[in-house]
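Undergrad: Keeping the supplied structure of chain A fixed, place chains B and C upon it in accordance with the hints.
Residue numbers (the working numbering), protein chains in the order written: chain A, 1 to 288; chain B, 1 to 259; chain C, 1 to 364.
Don't read these hints as lab results, they were simulated from the structure. Given the structure is predicted, the values throughout are model-derived calculations rather than measurements. Note that CB positions come from ideal geometry on N, CA and C, so glycine has one too. Be aware that a few hints might be false.
Unchecked claim - Dumping the calculated DSBU-like pairs for lysine-lysine here, alpha-carbon to alpha-carbon at most 30 Å:
| # | chain 1 | residue 1 | chain 2 | residue 2 |
| --- | --- | --- | --- | --- |
| 1 | A | K276 | B | K92 |
| 2 | A | K8 | C | K20 |
| 3 | C | K311 | A | K276 |
| 4 | A | K8 | B | K92 |
| 5 | C | K171 | C | K20 |
| 6 | C | K311 | C | K358 |
Unchecked claim - Pairwise CB distance ranges (calculated):
| # | chain 1 | residue 1 | chain 2 | residue 2 | range |
| --- | --- | --- | --- | --- | --- |
| 7 | B | G60 | C | R133 | 43 to 49 Å |
| 8 | C | P80 | A | L277 | 50 to 56 Å |
| 9 | C | R11 | B | I128 | 53 to 59 Å |
| 10 | C | P80 | B | S148 | 35 to 41 Å |
| 11 | B | H170 | C | S166 | 40 to 46 Å |
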Amino acid sequence: MKTRTPFKTAVLTVTWGWMIIFVLLPNLLVFSSSFLQRDELEFVRLPVTLENYTRLLDPLYGGVMLHSLWMAAVTTVVCLLLGYPFAFAVSRFPARLKPLLIFLVIVPFWTNSLVRTYAMKLLLSTNGIVNDLLITIGLIDEPLRMLYTEGAVIAGLVYILLPFMILPLYAVFEQLRRDLLEASYDLGAGRWETFVRVVLPLTLPGVIAGCLLVMLPAMGMFFTADVLGGAKNLLVGNIIKNQFLDARDWPFGAAASLMLTIVMALLLLAYYRSVKLIRRRGNDVALA
Amino acid sequence: MWRWLRHAYLWLVYFLLYAPIVVLIVYSFNASKNPYRWGGFSLDWYARLLDNDLLLRAAGNSLLLAVCAATLTTLIGTLTAIALQRYRFRGKALFNGMLFVVMMSPDIVLAISLLTLFILAGVQLGFISLLLAHITFCLPFVVVTVYSRLVGFNPQILEAARDLGAGEFHMVRTVLLPIIFPAVLAGWLLGFTLSIDDVVVSTFVTGPTFEILPLRIYSMVRLGIRPEVNALATVLLALSLIALALSHFLLAKREGNPA
Amino acid sequence: MENNNKLLQLRGVSKSFGGKQVLAPTDLEIRHGEFITLLGPSGCGKTTLLRLIGGFEQPDSGSILLDGIDIAGLPPNERPVNTVFQSYALVPHMNVFDNVAYGLRAERRPREEIAARVREALAVVQLQELAARRPDQLSGGQQQRVAIARAVVKRPRLLLLDEPLSALDYKLRKQMQYELKRIQRELGITFLFVTHDQEEALSMSDRVVVMREGSIEQTGTPRDVYENPRSLFVARFVGEINVFDVEVAEVRDSDHISVRMAGRVVGLQVRGRRYDRGTRLHMLLRPEDLRLLPPDADRGIPGQVIERNYKGMTLDSVVRLDTGQEVRASEFFDEDDPDFDYRRGEPVRVSWVPGWEKLLPHED
Numbered sequence: 001m002k003t004r005t006p007f008k009t010a011v012l013t014v015t016w017g018w019m020i021i022f023v024l025l026p027n028l029l030v031f032s033s034s035f036l037q038r039d040e041l042e043f044v045r046l047p048v049t050l051e052n053y054t055r056l057l058d059p060l061y062g063g064v065m066l067h068s069l070w071m072a073a074v075t076t077v078v079c080l081l082l083g084y085p086f087a088f089a090v091s092r093f094p095a096r097l098k099p100l101l102i103f104l105v106i107v108p109f110w111t112n113s114l115v116r117t118y119a120m121k122l123l124l125s126t127n128g129i130v131n132d133l134l135i136t137i138g139l140i141d142e143p144l145r146m147l148y149t150e151g152a153v154i155a156g157l158v159y160i161l162l163p164f165m166i167l168p169l170y171a172v173f174e175q176l177r178r179d180l181l182e183a184s185y186d187l188g189a190g191r192w193e194t195f196v197r198v199v200l201p202l203t204l205p206g207v208i209a210g211c212l213l214v215m216l217p218a219m220g221m222f223f224t225a226d227v228l229g230g231a232k233n234l235l236v237g238n239i240i241k242n243q244f245l246d247a248r249d250w251p252f253g254a255a256a257s258l259m260l261t262i263v264m265a266l267l268l269l270a271y272y273r274s275v276k277l278i279r280r281r282g283n284d285v286a287l288a
Numbered sequence: 001m002w003r004w005l006r007h008a009y010l011w012l013v014y015f016l017l018y019a020p021i022v023v024l025i026v027y028s029f030n031a032s033k034n035p036y037r038w039g040g041f042s043l044d045w046y047a048r049l050l051d052n053d054l055l056l057r058a059a060g061n062s063l064l065l066a067v068c069a070a071t072l073t074t075l076i077g078t079l080t081a082i083a084l085q086r087y088r089f090r091g092k093a094l095f096n097g098m099l100f101v102v103m104m105s106p107d108i109v110l111a112i113s114l115l116t117l118f119i120l121a122g123v124q125l126g127f128i129s130l131l132l133a134h135i136t137f138c139l140p141f142v143v144v145t146v147y148s149r150l151v152g153f154n155p156q157i158l159e160a161a162r163d164l165g166a167g168e169f170h171m172v173r174t175v176l177l178p179i180i181f182p183a184v185l186a187g188w189l190l191g192f193t194l195s196i197d198d199v200v201v202s203t204f205v206t207g208p209t210f211e212i213l214p215l216r217i218y219s220m221v222r223l224g225i226r227p228e229v230n231a232l233a234t235v236l237l238a239l240s241l242i243a244l245a246l247s248h249f250l251l252a253k254r255e256g257n258p259a
Numbered sequence: 001m002e003n004n005n006k007l008l009q010l011r012g013v014s015k016s017f018g019g020k021q022v023l024a025p026t027d028l029e030i031r032h033g034e035f036i037t038l039l040g041p042s043g044c045g046k047t048t049l050l051r052l053i054g055g056f057e058q059p060d061s062g063s064i065l066l067d068g069i070d071i072a073g074l075p076p077n078e079r080p081v082n083t084v085f086q087s088y089a090l091v092p093h094m095n096v097f098d099n100v101a102y103g104l105r106a107e108r109r110p111r112e113e114i115a116a117r118v119r120e121a122l123a124v125v126q127l128q129e130l131a132a133r134r135p136d137q138l139s140g141g142q143q144q145r146v147a148i149a150r151a152v153v154k155r156p157r158l159l160l161l162d163e164p165l166s167a168l169d170y171k172l173r174k175q176m177q178y179e180l181k182r183i184q185r186e187l188g189i190t191f192l193f194v195t196h197d198q199e200e201a202l203s204m205s206d207r208v209v210v211m212r213e214g215s216i217e218q219t220g221t222p223r224d225v226y227e228n229p230r231s232l233f234v235a236r237f238v239g240e241i242n243v244f245d246v247e248v249a250e251v252r253d254s255d256h257i258s259v260r261m262a263g264r265v266v267g268l269q270v271r272g273r274r275y276d277r278g279t280r281l282h283m284l285l286r287p288e289d290l291r292l293l294p295p296d297a298d299r300g301i302p303g304q305v306i307e308r309n310y311k312g313m314t315l316d317s318v319v320r321l322d323t324g325q326e327v328r329a330s331e332f333f334d335e336d337d338p339d340f341d342y343r344r345g346e347p348v349r350v351s352w353v354p355g356w357e358k359l360l361p362h363e364d
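The shape of chain A in the complex, shown without the other chains (with noise of 0.2 Å):
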């Protein structure tokens, strides 16, 4: 409608304000920040600089980045690997059983997070639960430190981040229509080139969706690394917060997040790329 209703302009003028204080303004401050120097009690200066941009590559930091990346990276292999097959079988299951399965999904997800990976740590710890059922079963004679390890962060970012892997996906192959399967089994392909020629292609964007769910947040959820890494497995989040709560390097911590935007830049394009591949296939009609 055209016509202007003075609810219609003050809706307009609230939404629009706020995204533009709260979002649009800070995220300029962030990026412009990041080009500037440190300042003990202005927090930045001029003159303008990529040093903040050359210091993520020096060793001490590009160290840290890659490990932080390299354990996302696992962490998000290992809720596909998970994910994937546990999707494509609530799909399978009768419509009216699968609200159920999905909603036992959901769940833990309303735990809070922290708790969660509080969780985790007691089933990890020297004296806890895994380490005395290994023992018990005689697998092992000692217990396992396993707590304050890499395997801890990444365990515990699985823990927490599996449903956001599940969801995107079980919506796909919730859409993948199943007589294409079997217009597939038809026409004489097996189960495994089904699955590569036609399941995998069609469910790609649910993958991307996914591991953009989870491979962000395996980056920035500082406190569990925090509570189940300690001092040596430290994540992205974990330098921002550094740089900007404890060392008040604001623009090196702006540059740090940057980098996790670009990521995510990164990620979205091949979103987009991949449901655009799906659409010019003309393979729309089985996700419509």
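TA: Chains B and C in isolation, oriented as in the chain A frame:
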């Protein structure tokens, strides 16, 4: 064979999802001082929760913050969704883009951008800064929830209301809001959950005057295993399950008998 | 106020969406108390025209005068015009009574008046017993009636009906056509009806407005539009038609010409219209204008029956003429000779009742 494997796999994943929570709950009733040894049933840790003033105050603060944030977000988010669906305005693509960016960007990126804003604008870190930050990160989720409901029903119903003599505001109040009410309620619950669970953003924009529960828990679990955290976690889980069940019940009742 | 009996006048009203013109500048007059129908294929602009009058769209140009006052700038809630929507658009969380009362409550009428008028409106559509039901507990036909009651309870100057019967099955649609006519007669409200169903348009309307690609092609009584179509489009859209390409062979006098048609010369009466020798024309004949004669008849165009359908009242045939053109003929059942019939493949001659043909300038 496939069928059997499928079921087994499903149960394995559910086991992985639920085992840590179950262990947590069981140990919250542990009588032993040793957090790893079962020493019989007791409610000691729950009793100790009630004595912990810091914790209780933080819980109260969290509740207040989440209710305020969810309510304001739902208000703004619902209006935003209505504007996006009903009106043509300039810069709509930019607006959608910003919502999407907020939804997708890592919490920590949002957190430092807001911290920068608050420091530069001289906003006192505390309740207000937390509230503004929570509304901002909850907003896109509420907008999406309400928007999907808005595009899901026949728009001629709204035209009919206008046609029958209702002004824009009267139409929104008597027709549009009742129709989208389930989505608005769902949006509120989502906002409440996101707000009460948030650790990342709150860590940055919190102040010494206003401690909230997740941050209180954070400082407790960083140091080691604290059995009263088990009890607290159990209480929180029970509360969120009750809220979930309640909302489900309310929505189902409404769907069944909206008159 | 009732000058020249005009209720609504559109003057040069046009509308584009995203640079694409859906309604060319259009003039239209609607008289008090008439049942007028906008008829055309989908995408012809009829619904846009209706929405402009209802106030759901703003015209790019022109004025919309209701009782001489321009209402083009008014929002829908300030126009004394109401709409019955194609989808009924009942408010799902209100029962039938509340739906019908909605417009009166928006006007802040007293409670007693609302109750009385809603009861009255529900009586008109014969739904008194269902006042407490919710829309999803009603059948399609009942929802339709609520939508009508909800609009007429406002006593609009003009009621707009946007393909209101298209979602109903055939029998119910027939029944609602009668109902709508009855309601219109009882309430004396002017109806502007939109449809793509020519049969519906012809049987219900006082006047029909045939639209095509955003402009009005012809306005007239149903009979006028059916018998004297002004273009091939109207002729083809309103009912079935056989079109013959002919050429004026000879102009005998002001009333008589002969034309060359299917390889033969046929004399026609033209009642004073002037034609020039050699002019190409379309000659239109409705299926019911045609007569099938035995092959040994002394007039008519020879052909062969290729399809024969018994339709109860009529016998419909498809005849392939020797020129290759296929024509449709529809003959009333011959009471005197009920067994008489042509078989498929049988040769016939196609003739028509002289003077029932219609000539149009040739369209390329």
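Undergrad: Which numbered hints are broken by the structure, listed smallest first?
TA: Hints 3, 5, 11 are the ones this structure does not satisfy, whereas the remaining hints hold.
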